[in-house]
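**Student:** Working from the sequences, and respecting the hints, build out all of it.
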Amino acid sequence: MKIKFLFFAILFSAISWAQNATVKGQILDKEMKNEPLPFSTVVIKETKQNTATDENGNYSFSMPAGSYTLVITYLGYETKEIPFAVSAGETKIINHTLASTGGEELKEVVVEVQYSREKESALLQEQQKAVEIKQSIGSQELSRKGISDVEEGLTKITGISKVESKGLFIRGLEDRYNNLLVNNLAVPSNSPFKKIIPLDQFPTDVVGYIDVFKSFNPNIYGDFAGATIDVKTSQNTKDQTKISFGTGFTTNNNLTDFLLSEDANNTKSYFGFGGQERELPSAYGTTPAGVTNNDYDSSWNVNKIKAPLNTSTGISHSGKFNVGSNNLYYVFATNFDNKYQVREGVDRTFSQGQGIYDNNLNKKQFKFQTQSSVLIGLQYKGDRIKLNYTSLYLKSTENLIQDQVGYTRTAVQNPNEFIRLNQYEQSDYFANQVFGSYKLSDDDKHTLNGGVAFTKTKYSQPDRKFITGTKISDTDINTQYGSNNLIRQFFNIDNNYHISSNLEYNYKFGNIENSLNKLSFGYSGFGEYMASQFRFTFGTPNGASPYNVPVNNIDSYIQNDIASNFLTFTEQSTAEWKTKVFQRADGIYTNLLLNASEKFEFNVGLRAENTIRKYDYKSIVDPITNPYRSKTNENLYILPSLNIKYALKDDRNLRFAMSKTYTKPVLFESLDINLINADGTTELGNSNLENSENYNADIKFEVFPTPKEMFAASLFAKYIDQPIERTILASATGSGQTITYFNNKSATLFGAEFEAIIQLSRLSENLEGFSFGFNTSLMLTESSINLNRPSSDFDTFTKRNLQGASNWLLNSDLKYEFNLGSNCKNTTSLVYNVYGERIYAVGVAGYDHIYEKPFHKLDFVWGSSINKKWDLKFSVDNILNPLYTRERGTENKISIEESSLIEQSYKRGIGFSTNISYTF
1 MKIKFLFFAI LFSAISWAQN ATVKGQILDK EMKNEPLPFS TVVIKETKQN TATDENGNYS
61 FSMPAGSYTL VITYLGYETK EIPFAVSAGE TKIINHTLAS TGGEELKEVV VEVQYSREKE
121 SALLQEQQKA VEIKQSIGSQ ELSRKGISDV EEGLTKITGI SKVESKGLFI RGLEDRYNNL
181 LVNNLAVPSN SPFKKIIPLD QFPTDVVGYI DVFKSFNPNI YGDFAGATID VKTSQNTKDQ
241 TKISFGTGFT TNNNLTDFLL SEDANNTKSY FGFGGQEREL PSAYGTTPAG VTNNDYDSSW
301 NVNKIKAPLN TSTGISHSGK FNVGSNNLYY VFATNFDNKY QVREGVDRTF SQGQGIYDNN
361 LNKKQFKFQT QSSVLIGLQY KGDRIKLNYT SLYLKSTENL IQDQVGYTRT AVQNPNEFIR
421 LNQYEQSDYF ANQVFGSYKL SDDDKHTLNG GVAFTKTKYS QPDRKFITGT KISDTDINTQ
481 YGSNNLIRQF FNIDNNYHIS SNLEYNYKFG NIENSLNKLS FGYSGFGEYM ASQFRFTFGT
541 PNGASPYNVP VNNIDSYIQN DIASNFLTFT EQSTAEWKTK VFQRADGIYT NLLLNASEKF
601 EFNVGLRAEN TIRKYDYKSI VDPITNPYRS KTNENLYILP SLNIKYALKD DRNLRFAMSK
661 TYTKPVLFES LDINLINADG TTELGNSNLE NSENYNADIK FEVFPTPKEM FAASLFAKYI
721 DQPIERTILA SATGSGQTIT YFNNKSATLF GAEFEAIIQL SRLSENLEGF SFGFNTSLML
781 TESSINLNRP SSDFDTFTKR NLQGASNWLL NSDLKYEFNL GSNCKNTTSL VYNVYGERIY
841 AVGVAGYDHI YEKPFHKLDF VWGSSINKKW DLKFSVDNIL NPLYTRERGT ENKISIEESS
901 LIEQSYKRGI GFSTNISYTF
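Mapping to the working numbering: the sequence shown position 61 is 61, numbers consecutive.
Calculated directly from the structure, the hints in this document are not laboratory data. Any given hint could turn out to be false.
Listed below are the simulated DSSO-like cross-link pairs for lysine-lysine, each with C-alpha atoms no more than 27 Å apart in a straight line [unchecked claim]:
no., residue 1, residue 2
1, Lys-614, Lys-649
2, Lys-80, Lys-708
3, Lys-439, Lys-508
4, Lys-599, Lys-445
5, Lys-232, Lys-700
6, Lys-708, Lys-306
7, Lys-339, Lys-907
8, Lys-242, Lys-825
9, Lys-339, Lys-367
**Tutor:** Given below as structure tokens:
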């Protein structure tokens, strides 16, 4: 009886569902020559059902038979109410062309069309409409959360966390597993230590919105396993000028004693224009030849100052010109900020196989950083053509003074060894892009999209120098020439060119009644050539004796000894000093987006991508004059992808995705360069690294109760063949830690992600204006070692977690929006994030792994908009101020004699900042 009842209940429900009616259609924009109007709001008045039109202006509802009213709204446009009636099983098409409410408001209408994708609600609605699995964050949300750069902003997206100095980790996978596009065009990194440009160099003022693709589509490059990030630069169309100024104070950083290189203590360096005095003297020539020369412009001295407050400034202007019956929009934005940063804590390494410290140091760093950006953008829109030009320049500098005190190489008897690093780092990035689209037919069924970009980058560490000795007081050391004392290193990478392009043909077929389908064919690729140079000179003694000296004012002593012929600087670079690298990727693809039914969409595609990585190099045993050796890594990847979306209801989707991708190493990881530090630690690249291959699967359920709310749950799995991992190189002597990279055998990841954005007014009317956002990732990973790799017998564990992967992470924010009078809109946000423990470097020789421990971060932001002209912002960053630690694990297979397993630690301090901007 119960079975019969259940059968008839299901049958009745199915019949009822089948008898529902459907109303659908397309909203067009009269002011934009009847182009689709995306993100307009469409509501069924009687049932309160609501949706937003997709990028093609389409909408759809399912409802019982009856009489209803369709309400169409868009900011600055007329509100249109259309009565209609539908019968059971009927599909009714209601198309409408929306007009503005008046000529005076037309400017604002156009602005809203261009800017809608930068708003939280619009991006959320686009996420709902998309077939692929992606998430986005726009300039509105970045501003609300007090975020000043793209890297910090992306940590608010599910599954993304940030690690000090190592960039973004996405779904537990570190920087090397991610890829970056700017306006859908490939761009190079401006740092050899990062796979993608350090995104903290992108100020939010130059960004419109950011898409994060966690599933693969054939029109993006196959080089990713975590995510592909596409930064869309700002395309403002308002006639406006904006000026901003900000200042910040961080506890234990600003207004404290600060060490700054004498070379950098001037106005030119304050604004990021210094560093020329550090260039390698021309007397050494363009090729190492063992030349002795003492004609350096850079000083060894360090000035002790009081660190000023951090500052930031920005100016932007946008407007338009009339070009016939069309408009040419333009935007210009420039930003500059500087920051003073102090880090202090332990800095230790363990001696291999002995259970004791190799180095046991206390480290204090003083970093003075500047960042500059300039954006120029042009946008032309004709009847059939949309054309954009973007020029973006990014520059960052860092002056670092680092003092280490303790002992090295197990020399416990010398607990006051002193090592000073005086380093300057500069990166330059200059990109020019032209991109756009063209309608081949009036009905928009045949279109071309494409673009081309030319980019030059430069990274340099000129005159990276070390002083060593024994500390005898707070200001003085006893020093002796020779060994690792007075080393000068010159490291630079010039990316002579990076050219990327894409071209895609789209054919749309079907009609509004049956939804539009799209077939795409395209090409995307890039080529780049770069050269790395690593040269170094040693301070060679000639009878000099040890002496006591004030370390901050040592330069005059060194110059006197050079004049007395007690000291000379001789180049000792080896044949490995220069490596030339050529990289290329060419991909052709096809993609089919098919609406199989009103609820079922799938996107299936195939990409064939050929990659080349060629090194011209010399071995350390080669004479410098020998011809270059050559090593080439070439692969052809066939990369299928499938994305499926099933609309369970108007407000909820079920998604499935699967694909194959690959991963290339970070540039430095694949270069045979050995960066040596005076404390005996080194970092060594490995040109024998192979690309990893990744097999990915995702399933996701999501609900959008209102245009501002969302709940999602995802399951994902990855199998990585030959993952690239960081490890400690086994050493026969056990002294002097070397970090290097290798291909492991394989790794698997299984994970779950949960995300929610909730308007708390649904719980109580007293909570009107409050909203809560939450996302978390849970992961299980396993990595199996490659027993055939060199020194594999030193690996402590045969199975472990994947290096760099956290088992969990969490992001959340509580927002409150309120008004103070009619002209003052306020938003406050409390933002929290934390990531779980992860392996920094794989353990060898009986030691457990080195782990990065969880880091809890809590921020507060208050923003006010007054009369739509003034914007005020106050934020408190890192309120909890926890201790960052990198720590050796406890499952060591050898006896540990030391009392602490902490290898690195420091606190960042609590930051207080204000910013004011005026728009006119």
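**Student:** Evaluate each hint against the coordinates.
**Tutor:** Hint check:
1. Lys-614 - Lys-649: violated, 51 Å
2. Lys-80 - Lys-708: The hint holds at about 22 Å.
3. Lys-439 - Lys-508: The hint holds at about 11 Å.
4. Lys-599 - Lys-445: holds, 22 Å
5. Lys-232 - Lys-700: holds, 25 Å
6. Lys-708 - Lys-306: Given pair Lys-708, Lys-306 is violated - Cα atoms ~47 Å apart, limit 27 Å.
7. Lys-339 - Lys-907: holds, 16 Å
8. Lys-242 - Lys-825: The hint holds at about 18 Å.
9. Lys-339 - Lys-367: holds, 8 Å
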